[in-house]
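Novice: Let the sequences and hints guide you as you build the complete structure.
The opening position of the sequence shown corresponds to residue 0 in numbering that gives the first Met the number 0, with each subsequent residue numbered one higher.
Just so you know, not all the hints are guaranteed correct.
Listed next, with one range per pair, are the computed distances between beta-carbon atoms [unchecked claim]:
| no. | residue 1 | residue 2 | range |
| --- | --- | --- | --- |
| 1 | Phe12 | Ser91 | 18 to 26 Å |
| 2 | Ile9 | Thr66 | 21 to 29 Å |
| 3 | Glu56 | Glu93 | 38 to 46 Å |
| 4 | Ile23 | Met51 | 30 to 38 Å |
If you're looking for bench data, these hints aren't it; they were derived computationally from the structure. All C-beta atoms in this analysis are idealised placements derived from N, C-alpha and C, irrespective of residue type, glycine included.
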Amino acid sequence: MKIEIAYILISIFLFLCGLFGVIIRKNLITLLVSTELMLNGVNLGLVSMDKMVGGVEGQVFALFVLTVAAAEVAIGLGLVVAIFRLRGYEGSSEITQLRD
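Specialist: Structure representation (structure tokens):
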């Protein structure tokens, strides 16, 4: 039981680190990495809660979150590279229009 609580605390720490990165940083790549950190923190929390309860629903939902995270990285990284090639922007505050 104590191991699961430690995993939950680690997941909260990972989520807060990702949230801190999303709030503070303006670089688009850093925003993607911080979002991934938040999603992995949620996954660790889901699996550890599932271990405490004894079901499999948390693990299935963690697999779903992994799939969404992979799609988010693929699409987000493609958008960031395209925006950087077209305009040369690196920060999120410089992007005010997505269509031109």
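Novice: Hint by hint, note whether the structure agrees.
Specialist: Each hint, compared with the structure:
1. Phe12 / Ser91: 18 to 26 Å: Given about 24 Å between the Cβ atoms, the range holds.
2. Ile9 / Thr66: 21 to 29 Å: 22 Å, holds
3. Glu56 / Glu93: 38 to 46 Å: 42 Å, holds
4. Ile23 / Met51: 30 to 38 Å: 32 Å, holds
No hint from the list above goes unmet by this structure.
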